[in-house]
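Asker: Listed below, chain by chain, are the residues.
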Amino acid sequence: MITFTLNGRVVETDAPATVRLLDLIRDDFELIGTKEGCGEGECGACSVFVNNLVQNSCLIPIGSIAGANIQTIEGIIETEQFKILDESYSVAGGVQCGYCIPGMIMASAALLSKNPHPSETEIREGISGNLCRCTGYNMIVDAINLAAQKGDGIWQKK
Amino acid sequence: MAEKVTAYRFDRIDETLSQLNREDCAIIAGGTDVMVLHKSRRGVPPKFSKPIVFIDHLSELKQVYQTDKDLHIGACCTYTELLEHPLIPTPIKSAIKTIAAPAIRNRGTVGGNICNASPAGDMLPLLYVYNAKVLLRSVNGDRFVAISDFIQGPRRIQRLHNEIVTEIILPSVLEEGTHVIFEKVGNRNADAIAKVSFAGFMRINKERIEDIRFAFGAVGPTMIRSREIEKKLVGKTLPLADAEIDTIVAEFDKIIRPIDDQRSTAVYRKTVALNLLRYFLSLKQ
Amino acid sequence: MKLNDISTSVPKKDHKGKVSGQLPYISDVKVENMVYGVLYRSPIAYGKISTIQLPNLPAGYEVVGSEQIPGPNYVKIIKEDQPIFASEWVNYIGEPILMLVGKELNTLYRLLNEVKIEFEEHQAIYTLEDAIYRKSESGVTMASYEFGESLEIISAIEHGAHQIIEEEYDTGYQEHVYLEPQGMLALYKDDEIIVQGSMQCLYYIKNALLSALACGEDEVRVIQSATGGGFGGKEEYPSMMACHVAVAARAVKKSVMLVYDRSEDMVVTTKRHPAKINYRTSLDKDGNILSMCVDLFLDAGANEGLSSVVLQRALLNSAGVYKIPHFHAKGFVLKTNTVPNGAFRGFGAPQSFAGIESHIGHLSKQAKIDPLEYKRKYLVKQGDPTITKGNFRDPVLMEEMIEDLLYSSDYKKKKEDFQRFNQQNQRYKKGMGTSLFLHGCGFTGSGERDHIKATVKLVKTKNDHVSLKISNSDMGQGILTTLCKIVAKELDISYEQVFYPDPDTKEVPDSGPTVASRTTMIVGKLLERAARKLKTQWLSGVEQEVEEHYIHREMIPWNEKTFTGDAYPAYSWGVNFVEVEVDTLTGNVRLEKVYANYEVGKVIDERIMKGQIDGGLAQGLAYGYLEKMTSKQGKIQQKSISDYGPPTSLDVVPIDSKVFDNPYTDGPYGAKGAGELTLIGGAPAVQSAIENALQTSFQQIPITPEVIINSLWTKEGEEG
Ligand SMILES: Cc1cc2nc3c(=O)[nH]c(=O)nc-3n(C[C@H](O)[C@H](O)[C@H](O)COP(=O)(O)OP(=O)(O)OC[C@H]3O[C@@H](n4cnc5c(N)ncnc54)[C@H](O)[C@@H]3O)c2cc1C
Ligand code: FES
Ligand code: FES
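Protein chains in written order, with the UniProt record's numbering: chain A, 1 to 158; chain B, 1 to 285; chain C, 1 to 720.
Bound-form chain A, shown alone (with noise of 0.2 Å):
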């Protein structure tokens, strides 16, 4: 059994811990917010945080993250943080197909809480794990950039 906190809430399951962590919240948490667009950590669709740093969900077998606090794009919806960056993407035009967005939330959220005014090279270092097809990345690094300024004083706060 492996225990660990999902959106705030403690979870438990009995998976193997092969499993990757991945399609345990897709297929067991039906959380359908983290994408797979590669399964080889090469696209970052399926982007979430694991006690606060955003990694590659395909990448985890579940067994190595017993205990920890673990948010999807659903965990996050409700925050002030996510809101910014929702109105952000939408008025710099960042979203396309959409397919490689809840990634690109989650890196955009984790950069900022690291780095609240991020320089334009340090937005694309921090987004250079989620490859998106559609946009040629420009309008949403426009889009962080936005969030960065309306968000003031928003991204260290817990």
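Hints should not be assumed to be uniformly reliable.
[Stated by the list, open to error] Cross-link-like lysine-lysine pairs, in silico, DSBU-like; alpha carbons within 30 Å at most:
#  : chain 1 : residue 1 : chain 2 : residue 2
1  : B       : LYS62     : A       : LYS114
2  : C       : LYS2      : A       : LYS150
3  : B       : LYS39     : C       : LYS639
4  : C       : LYS715    : B       : LYS50
5  : C       : LYS30     : B       : LYS47
6  : B       : LYS47     : C       : LYS635
7  : B       : LYS50     : C       : LYS639
8  : B       : LYS4      : B       : LYS50
9  : C       : LYS116    : B       : LYS39
10 : A       : LYS83     : C       : LYS16
11 : B       : LYS97     : C       : LYS2
12 : C       : LYS635    : B       : LYS270
13 : A       : LYS114    : B       : LYS97
14 : C       : LYS453    : C       : LYS389
15 : A       : LYS83     : C       : LYS2
16 : A       : LYS150    : B       : LYS47
17 : C       : LYS593    : C       : LYS365
No lab work stands behind these hints: they were computed from the structure.
Following the hints, complete the assembly by docking chains B and C with the ligands onto the known chain A.
Answerer: Using the frame of chain A, we list chains B and C with the ligands on its own:
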């Protein structure tokens, strides 16, 4: 659903070591290499033929500290942790920044990079030129192995099945007066596996080369380093004459034998490796 | 919200669901009594199946193959050459032979490993070169066209010419890497099969299903689910997957889900056709063009698919944006035993533009004129004939667009600065390159009139909400928003009152596929007309419905046999300037600045247009230097995203873009197509920038570091 697997995750390193002593296990640190290597197709967990043991939570394996001029890096330090640590030398930090992307750097460990022993492992060229030592621990105690002996080939390392790599030690790395560079050549600016990499190390005293080392990555089964060739440069004064540089390049030309694969060609790898070497040797200090 | 200016951006209709991740894509869907399908694929490139040995299947696990297909065993597209399940011959590695279905993926993968099929292998054609060499053998040439000036006249001109320049140009594969891998679900019901998934063309799928299932109109239904990128990759390919799941659902009487792994998707789905283009151009002593012959070869892979249509577009663009005297072109679609190639944003045009821009650039060197200046000498103008004796009847703004970029990029000064920089810098070299291009909007020739015959419907409810009933997919390009805007504006109602539910063939007429830069211009125009009609009949509080059908405006009639007439009703235009820095030690190319001007008639939504520019150009640039896919003995070598190398956020730079207004009468609010155009100029501009930096010529894309290092090495050798 999925098949049964035995998995261990002990709170302490000694319990982990005793288990390893009892049975051969697959060690998982960050898992960023093993989860890809053992990957199944979509929707199915990766397959392991041995019991697995998780180690990346063990605090004993996550320390960075200094003894004298040596730097000790815990095997399970993640790249992110190292990037944020004040003791880690700048060249290592810049090499880390070329690895994957933030999410992978939040998981991948330096010990994993070494034990995975990929010819394209990006920590390795620098560790070679730093003369890094690997500290292995088992129920029987500790032993130190030079990195160049530890790594024997792609995915082949000198580890007994009851051992864990606990530390990587960089001797004298905190000394002043050395010039160290790392260059990685990948197909794009992030999330790229090296097609060629190069580390150069030089210690100079009044224009005179006191110590010089080179290591090349992704151009052979392991890092390419040659102490004989290096020795020929010790004592020379800078700037090196063209003929001296040509000789060194020609010597490496003989021992670098890369391959063609889906990422690049042998010709490219060799040409670029030698270009980077020549460039390093021609730099005005 | 009432819309004032149509170009002003509005919040996207699908924003909320996408940003929160709660909009389900097909792999997010689970239904009762659902089983998975996995495909057994040919391990060999060409041969005959001799024996099939199946493992013992546990209860609930079944095998589905050609015998279970109620109708004929091919995927209905154009030719009947693509089996649903190969049953006798296999023609490429990865070709589906049978499908195993059952509840647990784990068990399915194990069983898949236990299937044993033996083959009698035959000599395969692995490369385009080989296919060109064997093109007169039966079955190798799948389609060919030839048109233009007579060869006798050209030969006479060449005779008197000062110089004849011949060049051979190669373009590589390009893989879509839509972020959502292909996926399709067939929902089983006693009297109906509903196929749902990631797709661009609902009625292509419906027609393929009607044929494969040999059933009646109301026994199949196709619904688009949220589509995570398409770029052409979900144009014709999903038809095959739809046949797989539908046939299986029929056979096992359960709902069947088929979702590809990324590596499977990389290896077996369609890609941009590799091409070889030969140019033969005669010049006078000042370097002026006297005549030009173009021979173009496309590698179709194992089935014809849409390749003949791709070839048509490639040929139609073979002279680029230039008025070339005495032009002749010929093209072939050739079969190889490799993964079938298909639609990809640009549809043949990117290959042609890369080639012609490269060739013209090289000719300018002969004439010792700056490439851009040389190109401008030949630029078409309003009223000029097209290479197929059609006409550029609308205003052409290319000169204004070029002038604007010369000014904003400070072209002349930059080039001088770069020259100075390059003299002083050993390792890094900077260069600037340009590309000029166009894109014909809509289907080629009379396709819209003869094949597509689009119909659109608007349905109004009692509470005065209006729904668009069309069969077009939003795959990220934003038509959910732009088409609603057109209707809202025309009806003069608020944007929030207009809806665009997921297209479902039971509900929507066939407004055609979502391809060929036709959606805004053609479907948008029909919707505009439908809205106008509805407005005149508008009765508040009453349910109403209006329909509109495509009306063809006759120009110079298109004749596919002679390849003459107006190939397209309208063209969109573009100019790209690109600055790069090349590392001569490693051959790595870094983009420094990108400038882009476009003319697409009228922009329907500025933000969405910018998204098309940035995304399209990122793909186009990468096609020129970054993305590299190769096939060896019939096997795709790059099976992962990293090995293939589409750009990350660190590979792209901000794009300085402008869109020029030039309303087109037959487009909604004057709009023409924009989706494909934005990709086309990237590769040629990046090539000319690299050439400028290194003062050398290349005859291929992608210009990878390997190509650059090889060229520098050769150059060094030549210089001693
Ligand atoms: C998308 C992606 C991009 C990547 N990019 C790069 C890159 O740019 N450069 C690069 O070098 N690598 C890259 N990698 C590879 C990988 O991330 C690194 O090699 C990483 O350092 C591995 O560390 P880990 O802790 O995840 O190793 P794991 O996968 O946990 O382990 C790797 C191997 O080492 C063994 N092992 C781990 N720790 C120990 C120990 N302490 N004692 C004994 N054995 C041990 C394991 O048993 C296993 O055999 C990438 C991987 C992915 C998925
Ligand atoms: S699915 Fe995990 S990184 Fe792509
Ligand atoms: S919006 Fe489609 S992949 Fe990013």
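Asker: Work down the list of hints and note, for each, if the structure agrees.
Answerer: Going down the list of hints, with the structure as the test:
1. Restraint check: the Cα-Cα separation between LYS62 of chain B and LYS114 of chain A comes to about 21 Å, which is no more than 30 Å; the hinted pair holds.
2. Distance hint between LYS2 of chain C and LYS150 of chain A is fulfilled; the C-alpha atoms sit about 27 Å from each other, no more than 30 Å.
3. As the CA atoms of LYS39 of chain B and LYS639 of chain C are separated by approximately 14 Å, the hinted pair is consistent with the 30 Å bound.
4. For the suggested pair LYS715 of chain C and LYS50 of chain B, the alpha carbons sit about 54 Å apart, so the restraint of at most 30 Å is broken.
5. For a cut-off of 30 Å, the pair hint linking LYS30 of chain C to LYS47 of chain B stands: about 25 Å separates their Cα positions.
6. Note on LYS47 of chain B and LYS635 of chain C: the hinted pairing holds, with a Cα-Cα distance of about 25 Å set against a maximum of 30 Å.
7. Of the pairs offered as hints, the one joining LYS50 of chain B and LYS639 of chain C holds, with about 27 Å between alpha carbons and a cut-off of 30 Å not exceeded.
8. About 11 Å separates the Cα atoms of LYS4 of chain B and LYS50 of chain B, which keeps this hinted pair within 30 Å; it holds.
9. A hinted pair counts as satisfied when its Cα atoms are at most 30 Å apart, and LYS116 of chain C with LYS39 of chain B qualifies at roughly 23 Å.
10. Of the supplied pair hints, the one linking LYS83 of chain A and LYS16 of chain C holds, its CA atoms being roughly 11 Å apart against a limit of 30 Å.
11. Straight-line distance between C-alpha atoms of LYS97 of chain B and LYS2 of chain C comes to about 49 Å, which puts the hinted pair past the 30 Å bound.
12. Simply put, LYS635 of chain C and LYS270 of chain B have alpha-carbon atoms about 26 Å apart, close enough for the 30 Å limit, and the pair holds.
13. Only pairs whose Cα atoms come within 30 Å are accepted, and LYS114 of chain A paired with LYS97 of chain B is accepted, the gap being roughly 16 Å.
14. At roughly 25 Å between alpha-carbon atoms, LYS453 of chain C and LYS389 of chain C fall within 30 Å of each other, so this suggested pair holds.
15. For the hint linking LYS83 of chain A to LYS2 of chain C, the alpha-carbon distance of about 25 Å falls within 30 Å, and the restraint holds.
16. A hinted pair counts as satisfied when its Cα atoms are at most 30 Å apart, and LYS150 of chain A with LYS47 of chain B does not qualify at roughly 46 Å.
17. Proposed proximity of LYS593 of chain C and LYS365 of chain C is supported: the alpha carbons are some 24 Å apart, at most 30 Å.
Taken one by one, the earlier hints fail for this structure at numbers 4, 11, 16, listed in ascending order.
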